[in-house]
Each structure stands twice: as C-alpha cells, then as structure tokens.
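Trainee: Chain by chain, the residues:
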Amino acid sequence: MHLKYFLMKTLRALLTSLLLVVFVFFVLGITWDPAQSMLPDDATEEDMVEFRAMWGLDKPLIEQFWVYCKNFVHGDFGQSYKDGRDVFEIISQRLPKTVWLMGMSIIFSIIFGLPLGIYAALHRNSFGDRFVMGAAVFGFSMPNFFLGIMFILLFSMKLHWLPSAGSDTWLHLLMPMITIGLSRMGSYARYTRSAMLNVLSKQYCITAKAKGASRKRMVYLHALPNAAIPIVTVIGTSIGHMVGGGVVIENVFAWPGIGRLLVTSVAVRDLPVVQAIVIILGLSMVLANLLVDFTYGLLDPRIRVTAGDK
Amino acid sequence: MSDTADTREKLVEAKGLYKHYALKSDKLFAKKRYLKAVDGVSFDIYKGEFFGVVGESGCGKSTTAKLVLDMEHPTKGSVLFKGKEVGKLKPKEWRAIRLDMQMIFQDTLGALDPYMCVGKQIQEPLEIHNIGDPKKRKQMVLDILDAVSLKPIFYDRYPHELSGGQRQRIVLARALIVKPQLLVCDEPISALDVSIQAQVVNLFKRIHKELNLTFMFISHDLRIVKHVCNRIIVMYLGRVVEEAESDELFANTLHPYSQALISAVPSLTPDSQAKRIMLHGDPPNPIDLPKGCRFASRCPKCTPRCLEAEPELVDMGNNHKVACFLVTDK
Amino acid sequence: MLHVRNLKVDFEVDGRKIRILHGVDLDLEEGETLGLVGESGCGKSVTCSSILRILADNATVTGEVMYEGTDLLKLPASKMETIRGKDITMIFQDPVVYMNPVKTIGNQITEVIHLHEKCTQEEADRKAVALLKQVGIPHPESRLKYYPHQLSGGLCQRVMIAMALACKPKLLMADEPTTALDVTVQAQILDLLRNLNKELGMATILVTHDLGVIAENVKRVMVMYAGVVVEEGPVDIIFKKPSHPYTEGLLNSLPKMDGQEGDLVPIEGSVPAPDKRPAGCCFGPRCKYKTAECEKGQPKLTVINGIHRCACFHPVNGTFGGEA
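So the sequences go chain by chain: A, B and C.
Take the first sequence: its letter number 84 is residue 84 in the numbering used here, and every next letter is one higher.
Take the second sequence: its letter number 213 is residue 213 in the numbering used here, and every next letter is one higher.
Take the third sequence: its letter number 54 is residue 54 in the numbering used here, and every next letter is one higher.
Warning: the hint list may mix true and false statements.
As the list claims (entries may be wrong) - Footprint (simulated), chain A over chain C, 3 or more residues, beta carbon under 8 Å: (1) 72-83; (2) 86-92; (3) 95-102; (4) 105-116.
For the record, the hints were derived by calculation from the structure and aren't laboratory data.
For each residue, glycine too, the CB sits at the ideal point set by N, CA and C.
Please put together the full structure from these sequences, using the hints given.
Mentor: Pasting the structure below:
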C-alpha cells in the first residue's frame, strides 16, 4: 500500500485545517467587537471594559488565540455570549441533525443520480437520455430555496401531506432531503453520463468485447470501475458544498441543524458560536476532500502503486 | 575525410550535456532519484550538414534537441551556437538567435492554432520580429508556400482542412520564413502515411540543398535517417554510443547496439529475418542505472569488463567514434 | 476456414452514412498467415473489427463472414460472445491503452479463461502463469499482481498476446501489433508471433502499414487502398513484381537500406477522404498510368496468375528489386 500518499494527504488536510482555524479566528476577531454588538446601545465605557475582561477580550489577539487553541484541543469552544451555555454542548445537539439530513440527501442523490447517468450514457441520444439530461439541468439550475418553498406550498399548504417544519419524523425529513438531493442528483447524473461515455470510448472496452465479455459485463466490470474515479471526486467535493448550501434549506424548513443555528447566532452576534460553526463547516470541506483523496488512491492503482514498485 | 571535417565551420557545439530530472520518490525519506534523460552527450553539427540522431524511446534524443534549442536548460554542460553559449545570452541576442534556430515536431495539429488561417500563422513570426511591411510579408508567405510546394490558395485554409502532409509543409514553411540557419526536426514524418513520407522527405532534401540549411534530424526510422542524413549519432539511454558519417555507419557498424538496431529494420525482401540480432527485453528506463556500460544488460556480446566501467566515445579514425570496449580495446 | 464475401461497412456520422469498406472478399485457410497492408484509413483494421463484430454502434456491416460454415454477421449477440476471445481473438496497436488500467494483469487474463471455460480460480491462475511463460514474460507468478502501467509497452503487448491465446484460438488477428513499439522490441514481438503460429497452428491475420513487416512475416498479402482490396497474392511475387500501380508506388516510395542515391519516388497527392472518393478507380487521381477507362468504375479483382489477383484495368508489370 502506498503509505506515503495517504500520509501526505492527511498532513496536508491537517495543515489546511490549522490555517482555517487561524483565518476564521483572526478575521472574526478583528472585524467584530462583541462588546459593542452584544451590549445594549446605552452601555457605558465601564460596562464595555468589564464585558471584555469577563470574556478575556482585553488581552492581545495573539494571546486570545493561544487560549482559544488550547481550549479547542480540549473540545472547549468557549461559552455563548448570549446565554452562557457551553458552545460545544449547543453544537453537539444540533450537529447530528445536520449530518443526518446531509447524509440522507447524499444517499438519495447517489441512489438516483448515478443509475440515471449510466442509463443516459448507455442510451446516448435516445429520448430517455435527452429527458434525463433535461431534467438534470432543471434540477441543478433551480435555486433550491425556491424549490423548497414550492414544495411547502404544494405538499404542506395545499395537500397537507407533509409537515413543513421540524425534524421529528421521517415525514419531516422527506422534503428538505429531496430539495437538497434534487440539484445534486442532476449534477451527479450529468457527471456520471460524461464519465461513462468517456470510459466506454476507451480502447480497453474494445478489448473486453473482443474477449467475449457481454455488454453488461463490459459496462459494469470494465467501464464502471474506471468511471468511478472522476465520479467520486465530484461527489466528494459536493459534500463540502452541500453542508454550506444546507444553511439556506435548514432555514426554509426550520430544520434544527447547525445551519439554522448559524443564522440565529449571526443575528444576535454570538461570536463563539459563529466561530465554531464556521470552523466546522470549513473542516467538513477539508474532510470531504481528504475522503476523496483516499478513495481516489484506493480506486486508482496508478496512484496506489507507482511504476517502480516491485 | 578527417581533415576536411575540421576545416568546416561548426554551427552547433554540444559540450558534455547532462539533463537530469528529479523524480518524485515513493517513500517518505528515500534518497532522491533522477531520471537521467541526457547523460554526458557531446557532438558538433557542422554548417550545411544533415545531422541525424537515432535511438529508441527514452534514449534522450528529444531532450537533446530541446537542449540545443535552449527550450530546456542543461543540468551540466553547454551548447554553443555559432561559437556563443546559448544559455548565457542576453535577451536581445537570444531573440536574434531564436530566429536562426527553428524547429518542427511530429504533432502538426498541436503545433498549429486551430482558429487562425495557416497563412496568418506563417506570417506571425515576421510580425513578432518586425520583419518587412504587411504587403511584403504576404508576398514572403506566398513565396514560402511555393517553396514547400503548396498553392497560394492554402493561405486562407485552416489546419483541420489540411491533410497531415500538408500540415507538415505549413509548419515547415512557418519555420523557414525567418530564414533560419539551423532546423531541428523531431520525428517530423513519423505521423505521416508511407506514401506521403516520401513527398516530405524529398522536400526536406530539396530545401537542404537549395537553402544550404543545417538540419538536426531526429528519428527512430533508420530507413529515412540513412536516406537523408550525412552524419549520424546513435543514442542509447542518454548517451551517444556511436557517431559516424552515414555511409560509414551503415557499411561498418561497430557498436553492438547499432548493429542490433540496424538489423531490426524489417527488410523488404520476403523471408529474410534470418540474420537478425535479437535483443532481449525493452530499453530500460534511464533511472538508477548500474555502473558499467548501460547497454550491457541487453548486449549479446557483454563481457565482465562491460559491467565494471562505462566506455567512453573513442575516435576509431575516419571520423567514426564508438563507445564500446569490444571495439576500442582491440 | 474463414470466407468473407462482399463485406461493406458504413459509419453514421452526423446523420450521414459514410462508407469505409466497399466490398472486401477474404479467404483464409487453417493455419495460414495473411497480411493486410495499407495506409491509415484504408479499412484494414475495420475489416478485422467487423469480422469480430466489435465495431462501434454507429457502424453497419453488410455482407457475409462465413466462419466454419456459419455466418458470423447473422449470429445472435450471445452466440457471438462465445466465439470472441475463444475461436477468434484480436490484439491491438497500443497495448497499454487496450488494457484496463484498474485491473491486474492476472485478473485480465483469467477473465478470458473464466468467460469460456469452467474452472476454479486456482486453475485459471495456473493457466495464466503458463501463458505468461509461453509469451516470454520473466517471473510470471509475481507479474500476475501487476497493473498495466507497471509494465513496459513490449511486456504489455506480450500480456495482450497471452490473453488472446488463453483459449487456444483458431484465428488470431493482430492489428498493427508493433506500431507503438520500438524497433528492437518489434523484432521480438514479431518473432514471438511467428513462433506461436508455428507451434499452435492457428491462422493469423497480420494488419500493418509497414511493408517490411509484411515481407518478413506472412506468405500471402492483401494490399488495401480506400476501402478496397487492390492487390492480393503471394508475398514473394508481389514484392518482386507488383501488378497494381499503388503497390508499386508504395514499394518504391520507401528508402532502401542497401544504398540508394537520389530522390525517393513518392506517390503524388493524398489518400481521398472516405466521403470524397473519386468517381471510377479509387486510386485514379494519384495513378501515373491513368487512362479514360479508369474513370468508368472501380475495377474488380481479376486473376493475374494463379492466386495473384489485382484490381486494375491496366495492371503494370512492376519491378521491385527488394533489398538484401
């Protein structure tokens, strides 16, 4: 196994994460004075000083950062300015909800997107292909908050089939999942189609045919493993985007995940919470990329084993 | 022969050229490995000569061409063009020399801009270097099209409308329009069909004669090289193993590799593979070469000494140089 | 064993049908080696691919491909799959790109065995090792775990040959098997193919643009030009006395290895694009012997002498000295 490849990728991911934390901390720290935004407008200078001292904001930024990092390592993200609750605790209540929604949306879009893409590739230029591709373009060019609102209007207000807000049951999950999933599904279908078409035109598929392999075997055993390489890249990077894009959808459907938390926290200028969420969003992007790199290495022997290896 | 050669003017002098590329290593703390594309190559190209470079894939012939053209910088060694070291020129001198050295490659479609008509493309070097006025430039293009046996109507054509042979003529015209002294051709006809190759080869020969141009002609096709070149170097894994005048090389082949290479060319007489010298294996990658002669692993005549030391290129008289102990020690 | 009659192939490009093959006839006896020679686009590779029915979906093939009494073109797809890779196999020009990059060598060889024979994985592995040994690959056991990118071009072509030989085919079609390889490696591969042909007694069709490869490796040759067979016959006759002006021109346009001064004699003009074929003889516009008659139509292959046939209204009594 190519240990160096995986080691290098992990190291790079760690480095990126560190940079991310530094960046988020300093940008938010410089541009935002919590004392000004948290305290009432008529607060006196003393109140401000007291507030700063209470939260350690009177120390130089570097020192604040050092403290932040130390706490961060111990899983301590500080306390919310709003109600003094532990940020870690707040987030750990909300995060599973988001992960659940995102995970289901991804599974939904993969389950439908990939087969549709393969179908379109195998029936190139047929009516089915055109229909699938048309629908795909519609899917990812439609802004998903709009789609979400339309869904609520139709299924909740008009038909009363599905609940429009909350996360308690499977029924609650359905609409946000489909809303996020549809646009992803469209782009997965398109990428899968073009990856399959590209691979099917490769000479090794002719070899497979010449060996006496059936068309099915050629498509699923020879073409698909090769097409999987670019598809995985697309899926992986889109996971990162999805977590970010979920912020809007969580608000449309009042889904109690970190996306919704982010919006409410920004509204009340709750710096520690915002900071933690932005870092988590960034880290999920880094993690998704790392996952892509790993799968890439596993799928493609040209990365795993180099020519010189014996 | 040997005294006439010395009086001829040297156009290009390659002195001890090395080009090593660092490889990405597999292990985290491994020693850096190098791909030794060119590993100690020296030669001279005389003015007016049709100089051939032959060898198999990975022998460093294309890298050598790039070094001569200063498209790559040598790890060690230097290239002198008209007595001046190419790597150390000031930008202004360098631009002037650029005009004197032109090149053409195998991939003609890649060498031409698909969105510009070929006439404009031939004209472009004139515009870049501010040669002539617009009217004169157009006339120069038409003249050069004629010189490469293309009708004036080709001026307005686009690359995809042309056949491989016609595109190679266009690329040649673009190289010739600035009146270079040296034309470096890297596998210029390998991508062409057999019946077209002969047309282009004849064109090269005619231009060589008419313009008194110096050619550096790189090819793996020994038939063509033998036909067009005056003098040839044979390369193997980054080194020159033999250098001789064309007729001498083919009549009196000294190096075992050259012998095998020449014998491997399929003959046009039915059923005549009997006298072939069969080499085993493929040419290895020029990475981490063992000490000794680099051909030793495939050489049918390898001796213990060949595994110990690397033979140098030795002049055997008659301008014939060879790097092989079996020949030079006799 | 194999009789191809009036093989025509059309490709549909942008809604237009372009004919690539214009009625090719080909006969092959058991154990025979036949050469197909011609320039790019002459239809030599398409001929082989259409025999094996592995052309892309936009191709239509008509005619008759009789293999041991059955017409391959009329066989249902599932039946054809039992012939491909077993009775008739094919190797290709650039071995590296014709191998699946994400599968090991062993995996790719044993796949053919599993497709056509019932056997366990161990038996298949053992067979694969024996095959690799047969095609001259050193350390065959360890090579099974290699991926194509870890092998050189020459070794990859040997693996392709091993794959093609796995089920003891009766016919092996080699489509430019050495064009992507170095000359010294080309000599090895051709030598291997020749020996295998002798050892196993299978028939071989060798497709190449290299006249030298043809002269040295086959007994009978078919020269193709623009989708038509223009000349056919024994190699030792055609390389001495070519009858078709194209064959003559092709031979004379090559520089000789045994000293020859002066210019080469090229064939003027270029190969017509498949959708811009001239009326009459396809070689007409480039032919030095062209007469008015040549514009009337494509001449049929007619017997010159014995099995030597030529498609020309005015067969030349060409001379070609060959070379030492």
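Trainee: Compare the structure with each hint and give your call.
Mentor: So, going through the hints one by one against the coordinates:
Chain A is given as covering the segment 72-83 of chain C, and this holds because 5 residues of the stretch bring a CB closer than 8 Å to a CB of that chain, at least three being needed. Given a C-beta distance limit of less than 8 Å, the hint that chain A covers the segment 86-92 of chain C holds, as 4 residues qualify and 3 suffice. Counting residues of the segment 95-102 of chain C whose beta carbon lies closer than 8 Å to any beta carbon of chain A gives 6, which meets the minimum of three for the stated coverage. Counting residues of the segment 105-116 of chain C whose C-beta sits closer than 8 Å to any C-beta of chain A gives 4, which meets the bar of three, so the coverage hint holds.
Violated hints: none; the structure is consistent with every hint.
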